[in-house]
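Participant: Place chains B, C and D on chain A using the hints.
Number of protein chains: 4
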Amino acid sequence: MSRTHHSSLSDRRRRFHRYPEPAWCEFWTTCRLVDEIEQIGVDALHVGPDAIDTTQRMNVPDEDTLTAWYERARDAGARQSVLEQLEGGNTGAVAVLERGDGPTIGLRVDIDALHIEESDSADHVPAADGFRSETGDTMHACGHDAHMTIGLGVLEAVKESEFSGTLKVFFQPAEEAGGGGKPMAETDHLADVDYLYAVHVGLGHPTGEVVAGIVKPLAMAHITATFSGTPAHAGNAPQAGDNTIQAASSAVSDLYGIPRHADGLTRVNVGRIEGGSVSNVVADETTLWGEVRGETTELMRYMQDAFTQRVEAAAAAHGCTVDVDVVSECPRADSDPELAAVVADTARGRHDVQTVLDSAEFGASEDATFLMQRVQEQGGRACYAIVGTDHPGDHHTPTFDVDERTLETGVDVLTDAIVATAAQRP
Amino acid sequence: MSRTHHSSLSDRRRRFHRYPEPAWCEFWTTCRLVDEIEQIGVDALHVGPDAIDTTQRMNVPDEDTLTAWYERARDAGARQSVLEQLEGGNTGAVAVLERGDGPTIGLRVDIDALHIEESDSADHVPAADGFRSETGDTMHACGHDAHMTIGLGVLEAVKESEFSGTLKVFFQPAEEAGGGGKPMAETDHLADVDYLYAVHVGLGHPTGEVVAGIVKPLAMAHITATFSGTPAHAGNAPQAGDNTIQAASSAVSDLYGIPRHADGLTRVNVGRIEGGSVSNVVADETTLWGEVRGETTELMRYMQDAFTQRVEAAAAAHGCTVDVDVVSECPRADSDPELAAVVADTARGRHDVQTVLDSAEFGASEDATFLMQRVQEQGGRACYAIVGTDHPGDHHTPTFDVDERTLETGVDVLTDAIVATAAQRP
Amino acid sequence: MSRTHHSSLSDRRRRFHRYPEPAWCEFWTTCRLVDEIEQIGVDALHVGPDAIDTTQRMNVPDEDTLTAWYERARDAGARQSVLEQLEGGNTGAVAVLERGDGPTIGLRVDIDALHIEESDSADHVPAADGFRSETGDTMHACGHDAHMTIGLGVLEAVKESEFSGTLKVFFQPAEEAGGGGKPMAETDHLADVDYLYAVHVGLGHPTGEVVAGIVKPLAMAHITATFSGTPAHAGNAPQAGDNTIQAASSAVSDLYGIPRHADGLTRVNVGRIEGGSVSNVVADETTLWGEVRGETTELMRYMQDAFTQRVEAAAAAHGCTVDVDVVSECPRADSDPELAAVVADTARGRHDVQTVLDSAEFGASEDATFLMQRVQEQGGRACYAIVGTDHPGDHHTPTFDVDERTLETGVDVLTDAIVATAAQRP
Amino acid sequence: MSRTHHSSLSDRRRRFHRYPEPAWCEFWTTCRLVDEIEQIGVDALHVGPDAIDTTQRMNVPDEDTLTAWYERARDAGARQSVLEQLEGGNTGAVAVLERGDGPTIGLRVDIDALHIEESDSADHVPAADGFRSETGDTMHACGHDAHMTIGLGVLEAVKESEFSGTLKVFFQPAEEAGGGGKPMAETDHLADVDYLYAVHVGLGHPTGEVVAGIVKPLAMAHITATFSGTPAHAGNAPQAGDNTIQAASSAVSDLYGIPRHADGLTRVNVGRIEGGSVSNVVADETTLWGEVRGETTELMRYMQDAFTQRVEAAAAAHGCTVDVDVVSECPRADSDPELAAVVADTARGRHDVQTVLDSAEFGASEDATFLMQRVQEQGGRACYAIVGTDHPGDHHTPTFDVDERTLETGVDVLTDAIVATAAQRP
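If you're matching them up, the sequences are chains A, B, C and D in order. First residue of the first sequence? That's 0 in numbering that gives the first Met the number 0, and the numbers climb one at a time after it. First residue of the second sequence? That's 0 in numbering that gives the first Met the number 0, and the numbers climb one at a time after it. First residue of the third sequence? That's 0 in numbering that gives the first Met the number 0, and the numbers climb one at a time after it. First residue of the fourth sequence? That's 0 in numbering that gives the first Met the number 0, and the numbers climb one at a time after it.
Next up, chain A with everything else stripped away, as it sits in the complex (with noise of 0.2 Å):
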């Protein structure tokens, strides 16, 4: 049964990989969220400030890239009475229907997009096909644009179903930023939910497979780690520098030299570095913004240590000093396998679902474990499912794009589960 038009399904998707925004910039797309959620009637809309612990937020970029992403939001057509609630970086969205007895069920879906210049080849879909980023080197790269379209989906379709309880669609911000799930997590939208889905599509799985809990998303924490060392001349003074360049980069050498750990995965990468100013002077401050992840909160924090250790020495080496900051973090929270097996349920035999896996591992991070987690310690049950879909480049490159089909897909197996889980109770 699809309640919904792929057609309008992937006009939506089209229309947010349009207008990719990064982490806590999302203005337009916010706004236009709250576009759709009003266009489908909903018993209750928090927005922003409302919608996230504002005191909460990690990883909030500078005031002057805040302030360039709202005005060029404003300047694309956001509604201005809903942008301003956002300033300041204040984005995200909770959409909540009331639909009588029975339980709370939330649903999250992030909403950000990645610093990526999107491919404009011929072969990239989005490119031949008119709906390539406008927003310069920012793209959503990582399926985001698909997951909004499947909350709204399912918004409307659980409108239109037998379903009895409460849904919540928590539209997150910040979540490639690994900053906006703990915000969201905090406020009391969360307090009565008993039951969390989360989804993601690709990872990987393609077009017809579904995997109804995920285990073992990675725990992981961002760092930045700022070197202030000493300029000089670099032709007639140079042992007069403290060089945070050779500082910081002796450090990454030794970061990704970290021992493998035996007792399960590790990761760690530099995504960005940036020192210094032109080439005669000895370059004072350098900066790096790395991750660690871990298979367990312990061993991500095995990595955060080592980390830390080794840019301390590589400062030290080279006589100046770093200020070492955790941008944000996230812990492991795995499915709670009872809700899996409706996911499970809900997908077998469907004639778009060929594969159902119970549960994969999942080789990456996530925030959504925030919420996963505040729900579980509650006494309630999480789960993340991913929807398969053929992605010809790998998420977080300038190729990748999603097979359209896949949101029909997301929208029914979410929609069907949502229902049976408030008439089931598992």
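Misleading hints may appear alongside valid ones.
For chains that are exact copies, the list does not tell them apart, and a pair is met inside one copy or across any two.
Stated by the list, open to error - As a list, the in silico SDA-like pairs of lysine to any residue whose alpha-carbon atoms are at most 25 Å apart: (1) 158 <-> 348; (2) 215 <-> 239; (3) 215 <-> 377; (4) 158 <-> 263; (5) 158 <-> 187; (6) 215 <-> 238; (7) 215 <-> 260; (8) 158 <-> 286; (9) 158 <-> 17.
Hints are computed from structural coordinates only; laboratory data are not their basis. Values in this document were obtained by computation on a predicted structure and should not be read as measured data.
Facilitator: Okay, now just chains B, C and D, sitting in the frame of chain A:
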């Protein structure tokens, strides 16, 4: 004999100090110079594209940077008619005084500033006395503000002197980037220059000391290396990335480790690094802005070859490619002792000069050598003099400043040297 | 049922413990094994070149090392007639018991020690009880002394049991160097083996725990990389050198930074480095002794390719060349569950076994996989079991030791498993 | 005038060349020198502990190495009675000629060889003519064989000359290791020396060129850094290790990257590295043998401090500790121009000397500076001369050789200089 009032020299220098602009962005500065030169009154004034060979420019910033500085200069009140001539970053000027028969004598001063944030300490005179940089993190941290002031002062003083011949003052852009010397050296303005002077303040020599002619300015090349790799999700597919931050960091470590050379001084620096986007994506592009120097042009080539070898190998180590671009270069050219003797004679015996060194080594690089080399190859003579100044911080650091008593000494010594040169034709 | 006295097992193990010999140098050890086996009485005994395919040996030490250990064994009283057969480092033995009709069952134990200096702390039982290593900085730090003891004990016990079939005990040399498994696997002694057992003590499993069959022994390759450069006087011609210590150090940093792989465990280590001569000469030769591992053979190949890529690039960065030599390899081979079930059944219910794990992962590598793979490819079955033992220090550290109660458990479990296998032919 | 036959000088030099011995192991060499000196006939001869202050020795090899070279010397026929005096590595000799009234003049030559394997190429004269090194990978690759020959030749020639005064020839051990200069400088033999000469062949100066007195011998320190970490099984517990090979490699990269210094020449080298045991154990001990040099003692200290800072930080980065040991040092000491003038006068006009340089810079280090400094501090004068020699390979390389015509030039120039010095007392 003092021809100009100390206070007016100070005022001029402070005005320039307050508005530092980086290489090829000296829009306001050039306009200001034109105003001052017109007020002095000269026989010819060549501005922007008429002062340099625009096809020879090296190390020009990108369009956005040029535009931002251009607009800032306009907003700061730069004269529109002059400003328009400079569009696209064609800055600089050549002022010509014709005073009857005699040789053509040049004086070259440089006009650009550095990307350094000026100290706001109460100990730092420009901060305390209210003429600290007003253009953000850009600063006259090498004394070019003093050089321009001396250039204007000499123009004024020679005009009023018994000088017979032609004087050309070259206000050269983009010295710090190593990119302005060649475009100025290759114009016809140099074709008839018989004697060329260049001047620098400070460089570790105190107020009251003059170096008549420096030798051993280091040959230099500015080089950028841009690494290209493959992006990947750092959590779920780290092995799919070809990591340019790892490659660039390996390169930095190896670059500083290029062996010292027994034949003379060498230098290497990476003054800026920038790469990647966010912490959870393997960085697919990283750029290094570096430079190499050598006591001779051969030693500079040794360093340049070693630089290229190391960045290429570092790229290969991490499955990346690298594009190496030599953005600018300057040769070594020494002062002719005959001209240095004129400066020494002039400086000796002055009440404000305690020490005169016939020559000194110069541990840095200077693209004045392009102009010196041109004149020397034509059969003329060239001399690069230092007028000492007490400077609290080193050149290229946030607390650099000049002792303003030096301005008058600089104007007087150079004026007298120019007048004497025209008379003696050494 | 205990077939041998605990004390005699202890004595045997301690005798081996006192005389550890490294890979391919197990001269005294092999002679001692021959003495013990002859005392037990077997139907056939193949020694040295008759026990291994000498052409397949990998990672053999140089002539001087072999000679030194040979002579030391002779001086320590090794039986001359046996010793002579082992000349050139052809060590190891295969003991055969023929006991009527039935399948041929193999048991493989390893016999070599490590280059580690044993702890002389009073807390370290071998030191306190007077059986610490007597061969300098070589030590049984992985339990092969226990393995040999178990091998002999099983031979003895099976001989006295109701066993029907043929038993072959493979005393394999050079496991630590990854070089002995293949030469033993390729002999005819394996050709008729229907079932193969291998055994290891400890590996983090405590006394009283048995792992019936391990899976995921990491595939592995040992690799040496020898850098060749150009020597030079470090004081008066540093630039004339091509510095292999710089090259090797760059390589080490890059090797540990090979990206973790999403498909499974990987490992890399450089366990030894040696290069150069004296401090004032640029080092013209440096060698790394490294290894890579992977959860699958493909992952091991990924690491091996990345290893080669990085050492070659590091050589190029410093003008050196490098010779990369894969000195030994071992594949991954898992335990067959049918045989593991026999071990589990045997172990369960014993008074000295509290816990039986059907299987466990093995975070290390083992060249027993060559023998297992041979038997499995022939249509036979193989199983690698762990007999837990409390060990104060980790394997491969100076305070490693075994709980000697384990020896009896090991003998009994394996004897019963072998007897049961012959009876059941699973 | 030639006082000795070229052929006998050649024979002597070749005999020494065939039997090179490293620092503090010059057992055979010292015995041979004693034989030769006794044959010449001197007034006093001080050997071993009588020639040096044994408590001041630096960089002495371990007992095993000393014993091996001692026994080799005995087996090679060194005179037993002399050899016994040298036990424990107390090598070297001082020969004294007393020839009536006059000043005491010293000549210092060094006697040790290097750990370099000599070329066996047909182009290499020692190989082609059968006097290649017979002591394995040790070689007279710096010309000390020629120095000893010159020392003996001067003794012989001065004895037969009109010289009036006292001549002391110092046959100094352990120059290459930087450890022998100080122990010889601190003996009473130096207390009455008025004039001291030292001599070196080659150093890039061709046959027929003499440098009367070198200036700027680099100050130097030899430093070892021994990293201690924690061993671990590289396969199943990599995270348990504290990896000294990683630490040492990071240190090497950082050491070569110590900034060049604007005040003058600096040098750094790591000439030897050794660490770890086998490939599958995380290495718990690694040692670097390094050195630093500076154009002044201050610059050497700058490098020494930077060396320590970097190895300590590298250790900290990898959880290791490091023990830094300055094994030897030598100061800078320049030639006195008065003595250099004597050498220059002597050399000029000789048929076998085409070029005389009054002075030259010396890009290397020399512990002759300890003796020079002692004499200069006492009010005496010192001079270090170079006798040029064509050398096919650089110093400290396998193809180094000397042009034997140089031997006679060296003997004659120094003899004449010593005789003239005694007469003129400059």
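Participant: Treating 25 Å as the Cα threshold, decide for residue 158 and residue 263: within, between, both or neither.
Facilitator: neither (43 Å within a copy, 43 Å between copies)
Participant: Have a look at residue 158 and residue 348 and pick one of within, between, both or neither, based on CA distance no larger than 25 Å.
Facilitator: within (24 Å within a copy, 60 Å between copies)
Participant: When no copy is specified for residue 215 and residue 238, does a C-alpha distance of 25 Å or less occur within a copy, between copies, both, or neither?
Facilitator: between (49 Å within a copy, 19 Å between copies)
Participant: Give the relationship of residue 215 and residue 260 under a CA distance limit of 25 Å: within one copy only, between copies only, both, or neither.
Facilitator: Answer is both; intra-copy 16 Å and inter-copy 16 Å each pass.
Participant: Given identical chains, is residue 158 near residue 286, meaning Cα to Cα at most 25 Å, within a copy, between copies, both, or neither?
Facilitator: Intra 48 Å, inter 52 Å, cutoff 25 Å: neither.
Participant: Given a CA cutoff of 25 Å, do residue 158 and residue 17 count as a within-copy pair, a between-copy pair, both, or neither?
Facilitator: neither (28 Å within a copy, 64 Å between copies)
Participant: With identical chains, the pair residue 158 and residue 187 could be close in the same copy or across copies; at 25 Å between alpha carbons, which is it: within, between, both, or neither?
Facilitator: within (23 Å within a copy, 74 Å between copies)
Participant: At most 25 Å between alpha carbons: which applies to residue 215 and residue 239, within, between, both or neither?
Facilitator: between (49 Å within a copy, 21 Å between copies)
Participant: One pair to classify: residue 215 and residue 377, alpha carbons no more than 25 Å apart. Within, between, both, or neither?
Facilitator: within (21 Å within a copy, 38 Å between copies)
In this structure, the hints that do not hold are numbers 4, 8 and 9, in rising order.
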